[in-house]
Amino acid sequence: MTSGPVTDPRAAAPGTPPPPKRRNTELALLGFAVLITLVAQAIVDLTVTGSLTTELATFGVWFTALWAVAHLVVRRWAPYADPLLLPAVALLVGLGLSFIHRLDLAAQQAGSTVSREDAPVQLVWATLGLVLFIGVLLVLRDHRLLARFAYTLALIGLVLLAIPAVLPASLSEVNGAKIWIRVAGFSIQPGEFAKICLTVFFAAYLVDKRDVLALASRRVMGLELPRGRDLGPVLVAWMLSILVLVFERDLGSSLLLFGIFVVMLYVATERASWLVIGLGLFAGGALIAYQLFGHVQQRVDSWLDPFEYYDGSGFQVAQALFGLGTGGLFGAGLGGGRPDQVPVAKSDFIAAAVGEELGLFGLVAVIIVYLVLVERGLRTSLICRDAFGKLLAAGLSFAIAWQVFVVLGGVTGLLPLTGLTTPFLAYGGSSLVANFVLVAVLVRISDAARRPAAPVGQPKPALGDAPTEVVQT
Amino acid sequence: MTAEIVLQIFRFGFLLLLWLFIFAAFRVVRADLFGGRAGRVASVPPRAAAAKKTRGGPKTLVVTAGPLTGTKITLGDQPILIGRADDSTLVLTDDFASSRHARLTNRGGQWYVEDLGSTNGTYLDQQRVQGPLLVAPGQPIRIGQTALELRS
Chain F
1 MTSGPVTDPR AAAPGTPPPP KRRNTELALL GFAVLITLVA QAIVDLTVTG SLTTELATFG
61 VWFTALWAVA HLVVRRWAPY ADPLLLPAVA LLVGLGLSFI HRLDLAAQQA GSTVSREDAP
121 VQLVWATLGL VLFIGVLLVL RDHRLLARFA YTLALIGLVL LAIPAVLPAS LSEVNGAKIW
181 IRVAGFSIQP GEFAKICLTV FFAAYLVDKR DVLALASRRV MGLELPRGRD LGPVLVAWML
241 SILVLVFERD LGSSLLLFGI FVVMLYVATE RASWLVIGLG LFAGGALIAY QLFGHVQQRV
301 DSWLDPFEYY DGSGFQVAQA LFGLGTGGLF GAGLGGGRPD QVPVAKSDFI AAAVGEELGL
361 FGLVAVIIVY LVLVERGLRT SLICRDAFGK LLAAGLSFAI AWQVFVVLGG VTGLLPLTGL
421 TTPFLAYGGS SLVANFVLVA VLVRISDAAR RPAAPVGQPK PALGDAPTEV VQT
Chain G
1 MTAEIVLQIF RFGFLLLLWL FIFAAFRVVR ADLFGGRAGR VASVPPRAAA AKKTRGGPKT
61 LVVTAGPLTG TKITLGDQPI LIGRADDSTL VLTDDFASSR HARLTNRGGQ WYVEDLGSTN
121 GTYLDQQRVQ GPLLVAPGQP IRIGQTALEL RS
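Heads up: the sequence lines are chains F and G, in that order.
If you're matching positions, the first sequence starts at 1 in our numbering and goes up one per residue.
If you're matching positions, the second sequence starts at 1 in our numbering and goes up one per residue.
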């Protein structure tokens, strides 16, 4: 070391106030989110059944306790974390629970033979999600630790992705998509967890390799094209997503993984040519998939004209569109619509229920809450001081944004249906729990990014020892 | 009739509540971007603000180009170490930067840049930094692909 101990001036500068932690802002907004949830539940109960139940009180206490605990944990173990991440998640989970509850009531009124209530199950999943959230915050004290396990996580991610493909259909197939593991009454979607593992791996890998990928290039038609041999990683990611498409018949995960990788490549190298290459590969893959697989053709057909296939594959989308149309600008009011007319409204098509009962204004509000979540993630990425954290935060935020875009696109008829779930909102344990873990990692990175740097002097983890110098070619 | 009115109140009231949440969230975003609570900046008397500006030297170090663009470091009394090493104040991930590349030091309110024997050199404006050089606010310091400047 050539210089004396260097302290970060943000911590040491006399006269400057310490950077705000904003935990009270978070608490206030969390309270607001919980309040909105309880109001939504009360309105649903009053409108549909005409009376309030004691279940609402139980739910209220449980739900409030969840977020109180989450807040206290963040206050204690991630004091500088972004104040908007948790409230946005709380509102989305709360709204999701309200709509699932509303659809439960609708099913009961219709005298459905299956009278299982899904809202309490989802609440249990949310609780489990929060337990994992807390666990991640407690165990993962420095997000850069994840970079050490990048290759292990990649392996875990790949195994998780591959399990449903190799399991017999009876254990892994639901509604045509082989993306589940169904054991003893439980069904989990390992792909949701694979998403996080692989994003961590992409971030660590790209931090190592981005200079090679960014510098070695030649200019063709105004685009900086990479050398042929540097195309390897993107081709591997492409192959992987094609394999998922072929063996698991799941358009969603395939699109999600490839999208995340291409965008992270773009973020890491600042080369727009990767986006062009990615889009090109994707278009090629999509075309081939369309030619080869019946289920892809079916999806595309019912996307292009859902009403022509109203009696078959287009029914779901058509019903969703009717629902959105009924909702109009201001919606039918909570409990005032018929969102149960859409098949699987609780999971894949919950956005249609939101659009029907809250209208365009409500649906846009929900989308803006996602936007806030993603914006905070990208902001974290901007102010984070290490490259791995930057890339990881950008990748995770993009994963949320991309997933919301693809799902809402499917529901509103902009894109073919994919079978992804709306993060936090939709019914589904794996998705909820996995997204809680994702947010926990984001909270951890944002805590590190906003925290004034500790005085240097104590040993730091010897992380990613200085990379070798790159010679420009 | 009353039931109908109540229903409409629920319908619009809930939408209002949702948008109020978004409004609150955006206030936080705004406070985060512009520092402090919204409106506080305007309440500082102009004379005091002007006096503060003339008295002090540069207040922040801003990265204007390279992968870390937008990063700001508030300047204090401590020197700022720039390089690839983990314990630098500004950790560069630039392969053209050395692990201990350059140092900014404060001498009596003025900032000097010195090169710590880097492989590819540090440049102030177009000039290669040999010994310590005085840095004026707005003057670009270039290290590899990264450019920095002091702002008051």
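Mixed in with the good hints, there may be bad ones.
[Unchecked claim] Here's a subset of chain G near chain F, in silico, CB distances under 8 Å, partners left out:
#, residue
1, E4
2, I5
3, F10
4, R11
5, F23
6, V28
7, G121
8, Y123
[Unchecked claim] Chain G is nowhere near these chain F residues, computed Cβ spacing over 12 Å in every case:
#, residue
9, E55
10, V139
11, A177
12, F186
13, T269
14, A283
15, V296
16, A332
Worth flagging that the hints you see were computed from the coordinates, not collected in a lab.
All values derive from a computational prediction rather than experimental measurement.
No residue lacks a Cβ here, since even glycine has one placed at the ideal position from N, Cα and C.
Evaluation of the provided hints:
Look at E4 (chain G): its Cβ only gets to about 11 Å from chain F, farther than 8 Å, so that hint breaks. Violation of the interface hint for I5 (chain G) is found here, the shortest Cβ-Cβ separation to chain F being roughly 12 Å, above the 8 Å cut-off. About 5 Å separates the beta-carbon of F10 (chain G) from the nearest beta-carbon of chain F, less than 8 Å, and the hint is met. The interface hint given for R11 (chain G) holds, since its Cβ lies 4 Å from the closest Cβ of chain F, which is under the 8 Å cut-off.
Because the closest C-beta pair between F23 (chain G) and chain F is about 10 Å apart, greater than 8 Å, the hint is violated. This hint holds: V28 (chain G) has a C-beta 6 Å from the nearest C-beta of chain F, less than the 8 Å allowed. Here the hint on G121 (chain G) is broken, as its CB sits about 14 Å from the closest CB of chain F, past 8 Å. At a threshold of 8 Å, the smallest CB-CB gap from Y123 (chain G) to chain F is about 17 Å, leaving the interface hint violated.
Consistency note on E55 (chain F): stated as away from chain G, and its beta-carbon is indeed over 12 Å from all of that chain's, at 19 Å minimum. With a least beta-carbon separation of about 22 Å from chain G, V139 (chain F) lies farther than 12 Å from that chain, consistent with its non-interface assignment. With a closest Cβ-Cβ approach of about 32 Å to chain G, A177 (chain F) is found to remain outside the 12 Å limit, as its non-interface label requires. Remark: the non-interface label on F186 (chain F) is consistent with the geometry, its nearest Cβ contact in chain G lying 34 Å away (cut-off 12 Å).
With a cut of 12 Å on Cβ distances, T269 (chain F) falls inside the contact zone with chain G, its closest approach being about 10 Å. Once the 12 Å rule is applied to beta carbons, A283 (chain F) is consistent with being away from chain G; the minimum gap is 30 Å. Consistency note on V296 (chain F): stated as away from chain G, and its beta-carbon is indeed over 12 Å from all of that chain's, at 37 Å minimum. The Cβ of A332 (chain F) does not lie farther than 12 Å from every Cβ of chain G; its closest approach is about 8 Å, which violates its non-interface assignment.
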